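Novice: Heads up: the protein sequence lines correspond to chains A and B, in order.
Residue numbering for the first sequence is 1 to 114, as defined by the working numbering.
Residue numbering for the second sequence is 1001 to 1112, as defined by the working numbering.
Keep in mind that the hints are not guaranteed to be accurate.
Pairs of lysine-lysine residues, derived as DSS-like cross-links and limited to a Cα-Cα distance of at most 27 Å, are as follows [said to hold, decoys possible]:
1. A:Lys-31 x B:Lys-1049
2. B:Lys-1099 x A:Lys-31
3. A:Lys-57 x B:Lys-1099
Since the hints were made in silico from the structure, they are not lab data.
Since we're looking at a predicted model, the values are computed, not measured.
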Amino acid sequence: EADIYQTPRYLVIGTGKKITLECSQTMGHDKMYWYQQDPGMELHLIHYSYGVNSTEKGDLSSESTVSRIRTEHFPLTLESARPSHTSQYLCASSESSPMQETQYFGPGTRLLVL
Amino acid sequence: AQSVTQLGSHVSVSEGALVLLRCNYSSSVPPYLFWYVQYPNQGLQLLLKYTSAATLVKGINGFEAEFKKSETSFHLTKPSAHMSDAAEYFCAVSQGFQKLVFGTGTRLLVSP
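This is chain A alone, in the form it adopts within the complex (with noise of 0.2 Å):
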């Protein structure tokens, strides 16, 4: 079945901790995208790709860092954790041609950095 996996669901962690968040998809999809959503707000856009070996920054600054090796795989990185990185992130993925705007959303990862 075609879908978006997202791996931890949810992750506590220390301060200046390495974390990688994980973001697959089998939909074939070339777009992906990284979102983080603070609780009761909206989504913010921080990395995106429209392909393999393409990635670029979103609306909101984050430390993270993302790498798009293979096109179903967009993981997300962050070096050093901050208690400022707790957040829900949120992948995402679409289709590459035109008027093919819309985006399937993963269940998401909660991170709590303490």
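Given the coordinates of chain A, assemble chain B onto it according to the supplied hints.
Specialist: Here is chain B on its own, set in the frame of chain A:
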């Protein structure tokens, strides 16, 4: 730049009552508009989208939305609320190149 405004951070209705969630957009070009629903501890699920075809768009779970250019609105409605409709609802507009701008969300509360 495109933007959306969702009026009301919380809307409360009784089960069986009409649901109306408001969304106004700002766009310098014909917009693509979306409504997504988010259940607790889950990602976003697409309810419906407007892509310049019919102005009345029908979505899943009995929801529909009407695009009104003169009012720059894209309000979400459902004739009869169900308890399972309780969730957070987000309106979004496409900025082009498939970048979405989301509203702040409206939490729908449904009472028995």
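Novice: Compare the structure with each hint and give your call.
Specialist: Results of checking the hints against the structure:
1. The straight-line distance between the Cα atoms of Lys-31 of chain A and Lys-1049 of chain B is roughly 19 Å, inside the 27 Å bound, and the hint therefore holds.
2. Proposed proximity of Lys-1099 of chain B and Lys-31 of chain A is supported: the alpha carbons are some 10 Å apart, at most 27 Å.
3. With a C-alpha separation of about 12 Å, the suggested pair Lys-57 of chain A and Lys-1099 of chain B falls inside the 27 Å cut-off, and the hint holds.
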